[in-house]
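Undergrad: The lines below spell out each chain.
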Amino acid sequence: MKPFSPKPQTTSSTTPCGSSDRPVIRLCGVELHPDLSGALFVPDYNALLVADLHFEKGSSHAHRGVHLPPYDTRSTVAVLELLIDQYRPDRLVSLGDSFHDQTAGDRIDASDLTRIRALSERTDTVWLTGNHDPVLPAEIGGAVAQEIALGPLTLTHIPAAGAQGQIAGHLHPVATIVRRGRKVRRKCFAGNSGRLIMPALGAYTGGLSVWAEPFAELFADGKFTAWMLGRDRIHKVASENLRRR
Amino acid sequence: MTTLISEAESGPVAGGLPPRFVDWFEARGWRPRVHQMEVLAHAVAGRSALLIAPTGGGKTLAGFLPSLVELAERRSGGLHTLYVSPLKALAVDIARNLEAPISEMGLDITVETRTGDTPASKRRRQREHPPDILITTPEQIALLIAQDGVERWFADLRFVVLDELHALVTSKRGVLLSLGLARLQRLAPKVCRIGLSATVADPDALRAWLVPQSLSEHGRMAELVTGTAGAEPHIEILKSQERLPWSGHSARYAIGEMYERIKQAKMALIFVNTRSQAEVIFQELWSANEDALPIALHHGSLDVAQRRKVEAAMAAGNLRAVVCTSTLDLGIDWGDVDLVLNVGAPKGSSRILQRIGRANHRLDEPSQAVLVPANRFEVLECEAARAAASAGEQDTEAPVEIKLDVLAQHVLGTACAGPFDAEALYDEVVSAWPYRMLDWETFERTVDFVATGGYALKTYERYAKLKRRQDGRFRLAHPRLAQQYRLNIGTIVEAEMLKVRLVSPKRRSSRGILGTGGRVLGEIEEYFIEQLSPGDTFLFAGQILRFEGLSELDALVSRTHTTEPMIPSYQGGKFPLSTYLAHRVRTMLANPKDWNSLPDQVRDWLSVQRWKSVLPRADQMLVETFPRGNKHYMVCYPFDGRLAHQTLGMLLTRRLERFGAQPMGFVANDYALSVWALRDLSLWIEGGKLDLGELFSEDMLGDDLDAWLAESNLMKRTFRTCAIIAGLIERRWPGQDKTGRQMTVSSDLIYDVLRSHEPEHVLLRAAWDDAAAGLIDVARLGQLLRRINGRIVHRALDAVSPLGVPVMLEIGREPVYGGADEALLAEAADDLIDDAMRLV
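Just so you know, the sequences run in chain order Y and A. Quick note: the first sequence uses this note's numbering, first residue 1, plus one each step. Quick note: the second sequence uses this note's numbering, first residue 1001, plus one each step.
Careful, some of the hints might be misleading.
To be verified - Within a straight-line C-alpha distance of at most 25 Å, the following computed SDA-like cross-link-like pairs (lysine to any residue) qualify:
no., chain 1, residue 1, chain 2, residue 2
1, A, LYS1458, Y, GLU81
2, A, LYS1716, Y, HIS61
3, Y, LYS223, A, GLY1535
4, A, LYS1499, Y, ILE177
Rather than coming from a laboratory, the hints here were simulated on the basis of the structure. It should be emphasised that the depicted structure is a prediction, and the values quoted were computed from it without experimental measurement.
Using the sequences provided together with the hints, build the complete structure.
TA: Dropping the structure here:
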């Protein structure tokens, strides 16, 4: 029996969505538009931000004989292409850990690499370095930086305690709510007046609870907001209404 | 079960039995049984045989007799007999019981066990000096044949004895074992198989399962030996004086009457269907236990030491009753059980017969069993089961066939033993009964999956696990992979479990962190604990516990004085109603003259149903529509089990959506399904706007099913199991660093990505096959839709019918917090019953 008929290459949680009732995040007076995919659009600068793409995470344990479906890179690239089509940004910034490890560039399929290069040629692209990818493959095009400024905002990979106006990735925030005996756990943007941590966008990326140790020093008073990625819309939830765990 | 021999039986004089054995039987005042001698005759002549005999029929000795007789004559040699038992605990028990005849006859025979608990040093010794008889499990056979140099080890193997074969063949463990047997057949072509089984619906399937299959020679089967049937069991249904509940599974109403029965018995076993049912019944029995009878609890989630203690107390005759789940369905040495109480739905005739069989080891006395229905529908089911069981009718499941995830595991294991030729392996695999229909292309794709993941995108060629040699044979790419294989062996994938650890609530430190001390009460599913908030109370290990919080791998709980747990944890029956019993229930409903045996309350209920709506013929399905509140309900009664009904519910709501009826939700139980919508369904159906034949047509199993499966959590859970068995995802071991999970990829994400890029992948096919037969039960749903085609009876009603009440009461049965909500729910439930039974 045929298990499934082929299906268009979209997954519900990573499809960009043009709905009008999406919340707006403000950081240091700059308006930010979170997207259902986990990307962030900054209209004032016509910039699109993404974090933790982790290209080739699927193939990263291949040498040990773990052969996960090697399609995570192209799934993630497909989401980026849709985002670019939709927002038509002047610049694209990837906030580090774009590649899962230092040998990812050797494993990546040539056709996937071509698509990534096409993206960076189409849009002014900056690849910030991350702890997983201190060096990026030259073939991908675009510029490489450790940190860049966007008006009053600083974009970087690892969030630092005490910074103001910082947008970072690295932590893969995930929040949980429990209502009527049901638990819902979703990727989220986590932020307060000083900073915003972006969710990981890569197809194989998991998450870390917003109550885990690394978040504690960023949100020292335990007060922050989570913008949770729902299926059709983004839900803004105050930290006191989140399940602690 | 583990007693080797029961009482004397008049049988023929033991012709063909060596004098030493004859003397031994005589010294004990026993005679060998007919079926024991028949098995012996077949086995020494080299013919495989299947023995079907009831519990207490001396089955185990029948299995060992050929080995003992041959070994008594043998001067020297290696491993002679493999005895495969489904339970670790049983293996040890059997080895112990075998000591008596061996020492009493003065035989020079070594017997050892080898299970997951056997220390490495002993295993090494066993490799160098194998015992004559090795008692082991299916997983250990897989491990043994995956070592190089096994040919020598099995060179002298004569017999493989398979205990509880009827239970093994319906699981993936059985499928794994069948591949192991096919290998043993090649390593030791003279090996002869002896299967021991309880009574099954289709003995021929088991006979075929037992011997190598061949395309050129159809219908190969083992010899069949049937033991004498025991006395007919005496089965009754508890006739309660109390009010019979409309729904629910606790059977609380009957506790007093059950307690009276226990008091009159020497030793009672109380079987229930789920762990949480066991907890509830145990608690209620203790609150009724004025005489302080020793009553114990036994289920699979309890700490092992606790379980062993209960088993020992039982064997020693120190208990009066044990409340247990199916963990006690197999094995274990019983005390003098003289009563079986089965609480809740029996689900199948064979299932109930096997449970009752535990009650009495004396074949000549009838076993006593009492069925205790928990609600009104279960009365019908109990009555159907009683009638079927009394007539000795069987409805066991058919053996499981082709499992590609298990095959993948076996292929890797084969490579661990040394380079293999793909065609030779294919021939061997298709000689195993479950794989007899496997085509070459699928086999090749499975090998390809093991080697490189089997993807169209050839990313992993240079990281292949299997490499092709010059001579075309496949070899393992690296010895390290053999190590990994050994860690991932087996087909049992447990739900992720957390230890339940008792802490003192006072030990909360100032930082809100709990002490870690305290003893472990058992293990509980992670998904259950994740729903709890600190302060919630629930039943576990026979007490009400308060959830305090989580530590690394433990759920921390404290004792509490509350009498009502806040969180109900009933997860529904694990087993659907057997097709056979379902048919009997439908027939009974249709024939009022069969109702004489039913309690008055149930007869009244059905009579009012006949008056207010209709009782359909056995081959028909009733659909009722009625308004309630501001919604419109449609209830149908297929009697095909919760899983098939849930799938039907998902598909019906999709269709109703498309027809514009605006469905809002649905709820299912084992007997019925209720869907509600905003549009007036009665009007739509009567006005011809909604055609029921079209709504329930079989083509819903096409695109609608496909679309739903894309997002279904059930499918993702099934996929995870297959991915672990097939070796795509590594197992997580207890104690392993939890934060390590961030580094791995969730199986849900893998499923999404694989499904969108390679929908024909071999693992998706494996998951689909499992889900179709398991969690979404498409097979059963297909039968249901075909059965009712053109036979749907519709009634448009003003209000819910009596038959519809139980399923309507399931609405809103999601966990409800606090007592106030409970009271509201109970109030609403009473209204519903008044509506249904009002005669004007």
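Undergrad: Now tell me, hint by hint, if it's right for this structure.
TA: Okay, the hints, checked on the actual structure:
no.: 1; hint: LYS1458(A) <-> GLU81(Y); in the structure: holds, 24 Å
no.: 2; hint: LYS1716(A) <-> HIS61(Y); in the structure: holds, 22 Å
no.: 3; hint: LYS223(Y) <-> GLY1535(A); in the structure: holds, 23 Å
no.: 4; hint: LYS1499(A) <-> ILE177(Y); in the structure: holds, 24 Å
Of the hints listed earlier, there is not a single one the structure fails to meet.
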